[in-house]
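So the sequence lines, in the order shown, correspond to chains H and S. Residues in the first sequence are numbered consecutively from 1, following the working numbering. Residues in the second sequence are numbered consecutively from 1001, following the working numbering.
One should not assume that every hint holds.
[Stated by the list, open to error] EDC-like cross-link-like pairs, simulated, lysine to aspartate or glutamate; straight-line CA separation at most 16 Å: (1) S/Lys1044 <-> S/Asp1026; (2) H/Lys99 <-> S/Asp1073; (3) H/Lys99 <-> S/Glu1059; (4) H/Lys69 <-> H/Glu14; (5) H/Lys99 <-> H/Glu31; (6) H/Lys3 <-> H/Glu31; (7) H/Lys99 <-> S/Asp1056; (8) H/Lys52 <-> H/Asp82; (9) S/Lys1044 <-> S/Glu1059.
[Stated by the list, open to error] Covered stretches of chain H (chain S as the covering partner; in silico rule of three or more C-beta atoms under 8 Å from a C-beta of chain S): (10) 38 to 48; (11) 91 to 99.
[Said to hold, decoys possible] Every beta carbon over 12 Å from chain S, so not counted as near; a handful from chain H, in silico: (12) Pro7; (13) Ser9; (14) Asp11; (15) Gly15; (16) Ser25; (17) Gly29; (18) Leu51; (19) Asn54; (20) Lys69; (21) Pro76; (22) Arg81; (23) Thr104; (24) Gly105; (25) Thr109.
Note that these hints are calculated values from the structure, not bench results. The beta-carbon is built from N, C-alpha and C at its ideal position, and this holds for glycine as well.
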Amino acid sequence: DAKTTQPPSMDCAEGRAANLPCNHSTISGNEYVYWYRQIHSQGPQYIIHGLKNNETNEMASLIITEDRKSSTLILPHATLRDTAVYYCIVRVPNFGNEKLTFGTGTRLTIIP
Amino acid sequence: NAGVTQTPKFRILKIGQSMTLQCTQDMNHNYMYWYRQDPGMGLKLIYYSVGAGITDKGEVPNGYNVSRSTTEDFPLRLELAAPSQTSVYFCASSTLQGAREQYFGPGTRLTVT
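Bound conformation, chain H alone (with noise of 0.2 Å):
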């Protein structure tokens, strides 16, 4: 599975879009670009995927760069519960392949 860089931390405003950033430049054709984020002592929680387009759901939006080097994923409008550690995981859906990978991930703080 391909490598991927986040920022460690993060603030954002109440109310404003958070947009978290994330490098995969060695990822490759078959790779999918996976977002979790984890709440303090709570289950890893799915958010969103996405392999090549940019991808909407009812928690976020998903932008992947037309290169696929570098994707953001955007919070629009940015709550309290927030507050998490988000995770970008790159990885092909493959028999054999079976666990997820999460690096140090972004910290991200919403300030009332």
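Given the coordinates of chain H, work out where chain S should sit on it, guided by the hints.
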């Protein structure tokens, strides 16, 4: 849908005791997983299952056993608990096709003393 549920939420075991951590999912997912997370660390895969009757080892299987008799349930058994098994245990599930994103349960916090 309740998603992935785990019981118990907390448990304290004495060294040498045994216990079973329960995991149930109601999303009809084929894949199920057990991870452990030590304080300040990432998740490590213990065991996984691709369907009823099929299980396989992850990266840290020693000291654990699993079974998968139904699609919904994937219990994790600890035999002869040791202090090194003090951790938070997460169960997850995913579909068989597509991106196979994983959905996690709330976790079981286990202390072995």
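Here's how the hints hold up against the structure:
no.	hint	in the structure
1	S/Lys1044 <-> S/Asp1026	violated (24 Å)
2	H/Lys99 <-> S/Asp1073	violated (19 Å)
3	H/Lys99 <-> S/Glu1059	holds (9 Å)
4	H/Lys69 <-> H/Glu14	violated (29 Å)
5	H/Lys99 <-> H/Glu31	holds (14 Å)
6	H/Lys3 <-> H/Glu31	holds (11 Å)
7	H/Lys99 <-> S/Asp1056	holds (12 Å)
8	H/Lys52 <-> H/Asp82	violated (26 Å)
9	S/Lys1044 <-> S/Glu1059	holds (7 Å)
10	38 to 48	holds (count 6)
11	91 to 99	holds (count 4)
12	Pro7	holds (18 Å)
13	Ser9	holds (15 Å)
14	Asp11	holds (21 Å)
15	Gly15	holds (28 Å)
16	Ser25	holds (21 Å)
17	Gly29	holds (15 Å)
18	Leu51	violated (8 Å)
19	Asn54	holds (15 Å)
20	Lys69	holds (19 Å)
21	Pro76	holds (20 Å)
22	Arg81	holds (16 Å)
23	Thr104	violated (8 Å)
24	Gly105	violated (9 Å)
25	Thr109	holds (18 Å)
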